[in-house]
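> Protein chains in written order, with my numbering: chain H, 10 to 256; chain X, 53 to 230.
Please keep in mind that the hints were generated in silico from the structure rather than gathered at the bench.
Warning: the hint list may mix true and false statements.
Below, simulated DSSO-like cross-link-like pairs (lysine-lysine); rule was C-alpha separation at most 27 Å, straight line [unchecked claim]: (1) X:K59 - H:K156; (2) H:K150 - X:K171; (3) H:K247 - H:K150; (4) X:K128 - H:K156.
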Amino acid sequence: MTENDLLLLNAYIDGELDPAHVLEFEQRLAEDRALADERARIEALRGAMRERLPRATASPELRRRVAALARPFAIDWGARRRGLGAMAASIAVAFAVGSAATYLAIRGDREEPELLVSSHMRALMASQPVEVASSDRHTVKPWFNGKLPQSPRVIDLAAQGFPLAGGRIDVISLTPAPTLVYRARQHVISLTALPVSLRSRGPIRPIDGYNVVEWTDGTLAYWAVSDLAAPELENFAKAFRAGDAEP
Amino acid sequence: MDRGDSKARFANVVIPHLDDAYSLARWVTGNRADAEDVVQEACLRAFRGIGGFTGGNGRAWVLTIVRNAAYDWLRKNRPPAVVHVDDLEAVERMRSADDAAPAPDNPEAALIARADEVKLEAAIASLPAIFRETLVLRDVQGLDYREIATITDVPIGTVMSRLARARRRVIEMLGAHG
């Protein structure tokens with residue numbers, strides 16, 4: 010029995026073999042004694058697991074603790090978030106000079122663009138703007154998996170002039186958010202995926218010389234921040250939207 | 053999404069899968085108290101991330117988060133139990149070499165079918181984490197290959213080989229020590 014036979018046998022038992030191969034495989038099962046014996050062993054194992062292993066159930070205590078998260082009068086994270094968000098914004102005002110502070114005072118609505126630009130600036134000042142450095146999206150995407158509930162779309166845009174540099178996690182309005190880092194010549198682009206609830210409300214003006222572009226695919230709001238010229242950053246956004254995430 | 057929506061979605065999407073969440077966490081961590089901590093942490097993450105849930109398979113979404121939280125817990129508390137991404141291929145090759153050995157002549161299916169709960173649990177518990185989770189997701193929790201591939205973030209081919217190898221090893225253990 011080859012390794013491939015074993016894979017096919019398991020897929021057959023699990024009902025995962027496509028119909029075209031099922032008949033063919035059943036014929037082999039009828040002729041190949043070793044394969045049939047292995048089938049009996051696997052079926053026996055599955056039966057034993059089904060019968061003997063009790064289904065674990067969450068204790069009432071755990072159920073109660075989790076349900077408390079969804080009750081109307083549980084801790085209001087939303088209020089905390091707004092409070093801390095305001096605090097973060099006021100710290101930003103305290104440290105910012107000129108335009109950023111002015112925009113905050115004028116706009117007075119959403120703080121996400123400022124927070125994103127702040128994250129981008131801080132990343133540029135660090136020794137590396139990324140926590141995982143790789144131009145391979147198959148390295149970058151799994152890196153997010155251990156850290157966030159969902160990993161973002163990672164698209165290879167090297168052919169369009171925007172090679173992937175890596176990724177990091179930013180925290181925007183108390184929401185940990187995956188950020189992909191691309192390069193465009195000597196410039197760095199930070200592309201952060203946020204829940205659509207954190208999408209922009211109206212046009213975004215440049216902040217401290219950084220251009221900000223936002224779009225949504227209906228699932229996530231994507232925010233790109235860079236000191237690239239606005240039309241170039243728009244081109245990047247277009248290329249990303251047109252990109253295919255599958256290999 | 054406002055706060056009320058988040059709560060309603062959390063109640064609809066996450067809470068129905070609490071037993072599955074707990075079951076997976078228990079198999080990965082190996083005990084009840086740690087599994088409860090993992091599930092609670094995972095539920096917090098799910099609650100914060102509910103705005104990013106796109107609809108579709110709620111169970112797979114919840115189990116992905118539980119699995120990630122469980123691995124974070126393993127990394128923190130039992131680093132040797134965690135196989136890093138880079139090592140996966142090496143492990144797979146190692147297992148592959150094991151499998152090349154001829155199967156024992158006489159591990160009777162009847163013997164396996166009679167294996168008691170303690171032996172069965174011990175055999176499954178002794179598998180490396182990535183093989184154990186694949187076997188548990190399939191044969192305890194009843195997920196299909198595609199769902200397991202999504203949750204464990206590997207191609208379906210990898211799910212197939214992990215599952216085949218996990219079953220083979222458990223069969224060997226039950227056959228040898230039966």
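> Output the numbers, in ascending order, of every earlier hint that fails for this structure.
2
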